[in-house]
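**Q** With the hints as your guide, set chain B onto chain A.
Read off the chains here:
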Amino acid sequence: MTNKIQDAFDNIKADPRLTESTKRYLREKRRENPRPQHHPVMRLAVSAACAVFFMIMGAFGYSWVLEPVSYVSIDVNPSIELALNRSDRVISAAAYNTEGEEILDGLSLRWKKYTEAIHTVIESESMSVYLSGQGELVLTVAADEHHKEELEEGVSRCAGHIGHDCHNENADLGTVSQAHELGLSLGKYNACLQLLQYDGSITMEDCKNMSMAEILSRLRKFETNDVTDDTDTEDVTDDTDTEDVTGGNPIKTGTEGSGQNENCHNGRDDNTPLRQRKGHHGH
Amino acid sequence: MRSEDEVNQAVERYADMVQRVCLYHLKNQTDTEDVFQNVFLKYMLHEERFLDQEHEKAWLLRVTINACRDYLRNFFRRNTVSLDVLKEAEAEERKDYREVLEAVMSLPAKYKDAIYLHYYEGYSAAEIGRILGKKENTIYSLLSRARGMLRDKLGGDGFDE
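Residue numbers (the numbering used here), protein chains in the order written: chain A, 1 to 283; chain B, 1 to 161.
Just chain A, with the same shape it has in the complex (with noise of 0.2 Å):
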């Protein structure tokens, strides 16, 4: 019986009317319907195109969404670090020791407007805690070039609105991974920075263990002995103008007018700016 049925289906075949009617039906639809016949190789090159084309996009993408391109440190006590992209949006915050992490605990910061995400951990009800007292606020910022300017002013105006004793600071860009590397927020580590070149008998590793308090703390003595013994040596400075023997002109000791280089008073012998301070924001 399946010989029966392989001899039965083998009696019926195409009418070679039907498949000549067909090619030329086929004829006809292609050139209806003309669609270019893309050679393998040429199709292989397209997709090749569109791949790299969709991996630069991604590339791009992940670049300005995902890539941290400048920071802003929140320091009281407790160190919090917020990272932010290309369009000033928070993508990841770090907090630096336990107070930090109760503050981020429950937060969520992501993807908000750095100010909004500053206003945010400042109002939380943990950081009260902190900034009810005599706990100053430090925001600490460091970007690229690009971004610098405009992140500096939002930062300083957002300083600006909060209640509390508070001020901002600038950083370079560069001493982030430093800071990161000590376990320290950027914030904290430029106050080290600061309070290491006033004092040469204390280390990192002192600091480090310092609270944000202290730091600033001895930071203002320093501040205030400066602002007493610059004016002390502003006075002898004038009265020690000397004329050039040589070429005549008048030879100063300090930068005229900036008062910051006169700061190198503890036994330094450079001339950078100790603080990079750009606004101070009392009650």
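Be aware that a few hints might be false.
Capping the alpha-carbon separation at 27 Å, the derived lysine-lysine pairs in DSSO-like fashion look like this [claimed, not checked]:
| # | chain 1 | residue 1 | chain 2 | residue 2 |
| --- | --- | --- | --- | --- |
| 1 | B | K110 | B | K42 |
| 2 | B | K134 | B | K110 |
| 3 | B | K153 | B | K27 |
| 4 | B | K57 | B | K110 |
| 5 | A | K13 | A | K23 |
| 6 | A | K4 | B | K153 |
| 7 | A | K13 | A | K29 |
| 8 | A | K4 | B | K27 |
| 9 | B | K110 | B | K135 |
| 10 | B | K57 | A | K4 |
| 11 | B | K57 | B | K135 |
| 12 | B | K27 | B | K112 |
| 13 | A | K29 | B | K57 |
| 14 | B | K42 | B | K27 |
| 15 | B | K27 | B | K134 |
| 16 | B | K27 | A | K13 |
| 17 | B | K42 | A | K13 |
| 18 | B | K27 | A | K23 |
| 19 | A | K112 | A | K148 |
| 20 | B | K110 | B | K153 |
| 21 | B | K110 | A | K4 |
| 22 | B | K153 | A | K13 |
| 23 | B | K134 | B | K112 |
| 24 | B | K57 | A | K23 |
| 25 | A | K13 | B | K110 |
| 26 | A | K13 | B | K57 |
| 27 | A | K13 | B | K112 |
| 28 | B | K42 | B | K134 |
| 29 | B | K42 | B | K112 |
| 30 | A | K4 | B | K112 |
| 31 | B | K42 | A | K23 |
| 32 | A | K29 | B | K42 |
Here are the simulated distance ranges between beta carbons [stated by the list, open to error]:
| # | chain 1 | residue 1 | chain 2 | residue 2 | range |
| --- | --- | --- | --- | --- | --- |
| 33 | B | S106 | A | A49 | 50 to 58 Å |
| 34 | B | H46 | A | L107 | 50 to 58 Å |
| 35 | A | G106 | B | F50 | 53 to 61 Å |
| 36 | A | K113 | B | F50 | 54 to 62 Å |
| 37 | A | R24 | B | E99 | 29 to 37 Å |
| 38 | B | D34 | A | K13 | 17 to 25 Å |
For the record, the hints were derived by calculation from the structure and aren't laboratory data. All figures in this text were calculated on a predicted structure; none of them were measured in a lab. Think of the CB as a built atom: it goes at the ideal place given N, C-alpha and C, for glycine as much as any other residue.
**A** Okay, now just chain B, sitting in the frame of chain A:
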């Protein structure tokens, strides 16, 4: 879109096969011609490369079976069953073949496909399962029931497993 040469070769190579599948589903020449042409039009527009000739043949079988089923879903066509083709070919065919064909064509579609693919094209149950999108065990059941139905129609000659 496939090249004209490629399409013409496929028409020559698979015309009989497509004709047989159309015939046992549609049972008249006019409908067969419509579906026949549509199957090869789909082939012409199908741009995916086939792994080999077996892959190509299985694809055409699946497309032809689906095209016939779609065609029969039309209410009017489903209700106008004719055996024109067989009558036209009667003079050329021996009566016993015609009897077998009629018996196969009278089976429900799912049984016809299983019988044709197994007994004529020589596919295993697993291969038929892949073509029809059914499980292998389902194909075994279909073949078993179809054999029973053919036995009833054609008498006691046994069908091989």
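**Q** Against this structure, judge whether each hint is valid.
**A** So, going through the hints one by one against the coordinates:
no. : hint                       : in the structure
1   : B/K110 x B/K42             : holds, 23 Å
2   : B/K134 x B/K110            : holds, 10 Å
3   : B/K153 x B/K27             : holds, 18 Å
4   : B/K57 x B/K110             : holds, 19 Å
5   : A/K13 x A/K23              : holds, 17 Å
6   : A/K4 x B/K153              : holds, 14 Å
7   : A/K13 x A/K29              : holds, 25 Å
8   : A/K4 x B/K27               : holds, 19 Å
9   : B/K110 x B/K135            : holds, 13 Å
10  : B/K57 x A/K4               : holds, 23 Å
11  : B/K57 x B/K135             : holds, 20 Å
12  : B/K27 x B/K112             : holds, 12 Å
13  : A/K29 x B/K57              : holds, 23 Å
14  : B/K42 x B/K27              : holds, 22 Å
15  : B/K27 x B/K134             : holds, 25 Å
16  : B/K27 x A/K13              : holds, 14 Å
17  : B/K42 x A/K13              : holds, 21 Å
18  : B/K27 x A/K23              : holds, 23 Å
19  : A/K112 x A/K148            : holds, 19 Å
20  : B/K110 x B/K153            : holds, 17 Å
21  : B/K110 x A/K4              : holds, 20 Å
22  : B/K153 x A/K13             : holds, 25 Å
23  : B/K134 x B/K112            : holds, 14 Å
24  : B/K57 x A/K23              : holds, 18 Å
25  : A/K13 x B/K110             : holds, 22 Å
26  : A/K13 x B/K57              : holds, 17 Å
27  : A/K13 x B/K112             : holds, 18 Å
28  : B/K42 x B/K134             : holds, 23 Å
29  : B/K42 x B/K112             : holds, 23 Å
30  : A/K4 x B/K112              : holds, 15 Å
31  : B/K42 x A/K23              : holds, 13 Å
32  : A/K29 x B/K42              : holds, 11 Å
33  : B/S106 x A/A49: 50 to 58 Å : holds, 56 Å
34  : B/H46 x A/L107: 50 to 58 Å : holds, 56 Å
35  : A/G106 x B/F50: 53 to 61 Å : holds, 59 Å
36  : A/K113 x B/F50: 54 to 62 Å : holds, 56 Å
37  : A/R24 x B/E99: 29 to 37 Å  : holds, 36 Å
38  : B/D34 x A/K13: 17 to 25 Å  : holds, 19 Å
Every hint from the earlier list agrees with this structure, and none is contradicted.
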